[in-house]
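Under numbering that gives the first Met the number 0, the residues of the sequence shown are numbered 0 to 306, in order.
Because the hints were derived from the structure by calculation, they are not lab data.
In this text, all values refer to a predicted model and were calculated from it rather than measured experimentally.
Heads up, some of the hints might be wrong.
Here are the computed distance ranges between Cβ atoms for each label pair [said to hold, decoys possible]:
#	residue 1	residue 2	range
1	Tyr-258	Phe-65	31 to 41 Å
2	Ala-18	Val-288	17 to 27 Å
3	Leu-231	Gly-83	11 to 21 Å
4	Leu-290	Arg-166	25 to 35 Å
No residue lacks a Cβ here, since even glycine has one placed at the ideal position from N, Cα and C.
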Amino acid sequence: MGIYLPIAEISVNVFVLLAMGAAVGFLSGMFGVGGGFLITPLLIFYNIPPAIAVATGANQVIASSFSGALSHMKRGTLDFKLGGVLLAGGIVGSTAGIYVFALLRRIGQLDLFISLLYVALLGTVGGLMLVESVNALRATRSGGAPVLKKSGQHNWIHRLPFKMRFRASKLFVSVIPVLGLGAAIGFLSSIMGVGGGFIMVPALIYLLKVPTNVVIGTSLFQIIFTSAYTTLVHATTNQTVDVILAFLLMAGGVAGAQYGAKAGQRLRGEQLRALLALLVLAVAIRLAVDLFATPPNPYSLSAAGLS
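Take the sequences, apply the hints, and build the full model.
This is how it looks when you write it as structure tokens:
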């Protein structure tokens, strides 16, 4: 069944979009990630314009992040003060990212920039995750326990000035890296349509030494407002949020997430991280192939004034 997307200005199959949303929801439920870094490339593969894919993909992250943050708040594993400082940096980063987004779109380089950024970021993150998960699997098979960095250890970041106490996270750390991390995630959210949790969570654990039980809820709290702000500004400034597309993706995602959560409970943490790393690398490789492979028809003819 076909439907016309008014903002994307193309006709698409409703069932394909529902299946796409369900697949990303399944993976989000299985791996505990927002799914923004998956849905945006999938939309691009389906010939949705990258500008629309980025802005609409950011919108999908809000609902799942709100649900997760609410459950963490009830359990007392959400640091509102830390999340607020991250959010302050995120608003600044999102504003800068939206300005860069509009500039690249105006000069006609947005599609290329988004694809290159995805290839570089997903390739790096996927590679690091794969190496870490393979080492953990080897250690488990040999009977040893994987070595993880513990919270409470100090590094050069903890020697920076302008320190602030975050009681829920049991931290006394400079606000500079916290604001910087929030700004970086906000920038990526506005440029790539991602929530940024797959970067923020390990950064909070390994760089700032935030206790693991507080990290996920605090990350989701920041992502809610950063993604909402990004979606709102994209809609008003760039007119690139397609409400119909977002609704179809969210409808499929809600159903898929329930089954993904059940499937994820059957696998160990090392296995889940290895599968997620392979998935991230597969998306990066596919984007790289589209970027660098010679197309079958390198030239095209079209009537003047038509696209």
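Each hint tested on the structure:
In this structure the hint that Tyr-258 and Phe-65 lie 31 to 41 Å apart at CB is violated, the actual value being about 20 Å. At about 23 Å, the CB distance of Ala-18 to Val-288 agrees with the hint of 17 to 27 Å. Checked against the hint of 11 to 21 Å, the C-beta distance between Leu-231 and Gly-83 comes to roughly 19 Å, which is consistent with it. Between Leu-290 and Arg-166, the C-beta spacing of about 47 Å breaks the proposed range 25 to 35 Å.
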